[in-house]
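Keeping the supplied structure of chain Z fixed, place chain E upon it in accordance with the hints.
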Amino acid sequence: MKITSFFKDKLFNLILYLIAYGILLSMLFVFHVSSSLILAFTIVYAFLVLLIFLYEYYRRKYFYKQLFNNLKNLDEKYLISEMIREPNFLDGKILCQVLYETNKSMKENVNDYEFKLNDFKEYIETWIHEVKLPLATLTLKNHNSKNKSSIKEIKKIDNYVEQVLYYARSENSEKDYLIKEISLKKVIHKLALENKDAFLENNVTLEVDITDIKVLTDAKWLEFIINQIISNSLKYYRKDVDSFVKITAFKNEDKTILSIYDNGIGISKTDLPQVFNKSFTGNNGRIINSSTGMGLYIAKKMCLKLGHEITIESKVGEYTKVNIIFYNNDYFAVLK
Amino acid sequence: MQKILIIEDDINVREELKELLINSNYEVVALADFKNSLEQILNINPDLVLLDINIPYLNGEELLKNLRKESNIPVIMVTSKNNEIDEVLSMSYGADDYITKPYNPTILLLRIGAILKRMDNIPDSIKYKDLLIYPRQALIKKQDKEIILTKNEMIIFSYLLTNKNEIVSRDELMTELWNNDEYINDNALTVNISRLRDKLEELGYDDMIETRKGQGYILL
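Chains Z and E, in that order, are what the protein sequence lines are.
According to this note's numbering, the first sequence is numbered sequentially starting from 1.
According to this note's numbering, the second sequence is numbered sequentially starting from 1.
No lab work stands behind these hints: they were computed from the structure.
One or more hints might be untrue.
List of simulated lysine-lysine pairs, DSSO-like, C-alpha gap at most 30 Å [unchecked claim]: (1) K81/E - K116/Z; (2) K213/E - K155/Z; (3) K141/E - K199/E; (4) K69/E - K142/E; (5) K145/E - K127/E; (6) K199/E - K214/Z.
Derived list of chain Z stretches under chain E, where covered just means 3 residues or more per stretch with a C-beta under 8 Å from a C-beta of chain E [what the hints assert, rightly or not]: (7) 123 to 133; (8) 142 to 156; (9) 195 to 209; (10) 212 to 222.
For every residue, glycine included, the Cβ atom is placed at its ideal position computed from N, Cα and C.
Isolated chain Z, as found in the complex (with noise of 0.2 Å):
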């Protein structure tokens, strides 16, 4: 709040004073009061006004100032309210009887969503448990009945199905997942196996350079995250060349570092930057259909929810490749 803000808010005050004091000078001078009592009143009038003015200035200012400094320290601008200390001046507290109020009014109204979010997802998780049922008999009755036809439609159904669940999960919850130390040559194993049909089929080689390696994460998040990467070699490879998937792994102090490698379409540079966006599916996406662009926006969401860190690096007609970063945990260190 500067100075002159505050006297040109308060000109009409300013302007009343000098009227009372005209009127006030005009009667002295009708009643012949002398020169020298006129100057004293004249300064003790001057002065009186000028304490009330800066004096309002100044318990303003410091209010004001406060509540800016918090308001720009703050993440969350939204708590102000229970950042501010009452003042004692009247407009001061009606700014935050207002506050007070619209934030609560604010609260309920976010409370009644994460409830109705809450809802939604519990039932999208038991939507998925119930679906997984009759997937299950689906695939065994395929199975027994040597019918393998239906059994790849089938796999594509549940990866779409496990998309959703962990796209609820990566969106609004904290204690879905357990992190724990996992063998990465384990994970990928299990990968390896569930993937091998699509492998065979597609006559991509799988090369796994995995010596054991610990990382800190959730298991299944990290199946999950990983099956996306793999998914995706198995849908963009070249089908004029030897093609090839490799997933390699190294430790150093700080961190590991898991890439997944293809000799793949690859995908453009203009491409490249938007590929962890929500729904993007870019030049690759246009030229394979059964792109919805959701497989890397969620596992990228959920690198980030676990604390590891996801990149790409790609070259058209030639590779791509995925990293995966975990940084070495001091408090887990600690733990053990």
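Chain E in isolation, oriented as in the chain Z frame:
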């Protein structure tokens, strides 16, 4: 024949599972009524239990907890809940393995096989005809002659051996190899089998592994 007990309340899944396991040469019993399931398990005395978590009366985790007080029968938990917490919980109650629906049937069979194999020890050497096979050293001996197999060849030969006189599909062999971290492709499998045949030929068994067109291989 090893006996497997299925505890699963969904009739469709139960029947299909039963068929899958019977086709894989297991004796299969399934609970139809889940009252007193603990007593029933103990009466049936199976070699392995496939236990669904969501069953009526007592849920799978509780049942497992109670079962562990009485017996050490291997248990594989089967569930549609795909999260780490449930898995850790089941394992801490004493499950031997945990599989989520919809499971890949071959993987399910592999897990069952692995657990049952863990129960009875693998011998150092296996005798077949006049051959002595040492799976751990990847060696086959015949009197004073001996041949060394590669890891892949040994996996293939062992698998054919455990299923001798039965047709083994290429897919089964492939699954077995991948399960042992050998992620080879179709051509490599063909190459490995022909090398294995060459090596067996050196020992005088020309047609030990026969090809059955469209079905797979058989060890005679």
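Comparing the hints with the structure gives:
1. Restraint check for K81/E and K116/Z: satisfied, since their Cα atoms lie roughly 22 Å apart, inside the 30 Å limit.
2. About 28 Å separates the Cα atoms of K213/E and K155/Z, which keeps this hinted pair within 30 Å; it holds.
3. A hinted pair counts as satisfied when its Cα atoms are at most 30 Å apart, and K141/E with K199/E qualifies at roughly 11 Å.
4. The straight-line distance between the Cα atoms of K69/E and K142/E is roughly 48 Å, outside the 30 Å bound, and the hint therefore fails.
5. Our distance criterion of 30 Å between C-alpha atoms is met by K145/E and K127/E, whose separation comes to about 15 Å.
6. Between K199/E and K214/Z the alpha-carbon distance is near 39 Å, which puts this suggested pair outside the 30 Å criterion.
7. Chain E is given as covering the stretch 123 to 133 of chain Z, and this holds because 5 residues of the stretch bring a CB closer than 8 Å to a CB of that chain, at least three being needed.
8. Counting residues of the stretch 142 to 156 of chain Z whose beta carbon lies closer than 8 Å to any beta carbon of chain E gives 3, which meets the minimum of three for the stated coverage.
9. Chain E is given as covering the stretch 195 to 209 of chain Z, and this holds because 8 residues of the stretch bring a CB closer than 8 Å to a CB of that chain, at least three being needed.
10. Only residues whose C-beta sits within less than 8 Å of a C-beta in chain E count toward coverage, and the stretch 212 to 222 of chain Z has 4 of them, enough to reach three; the restraint holds.
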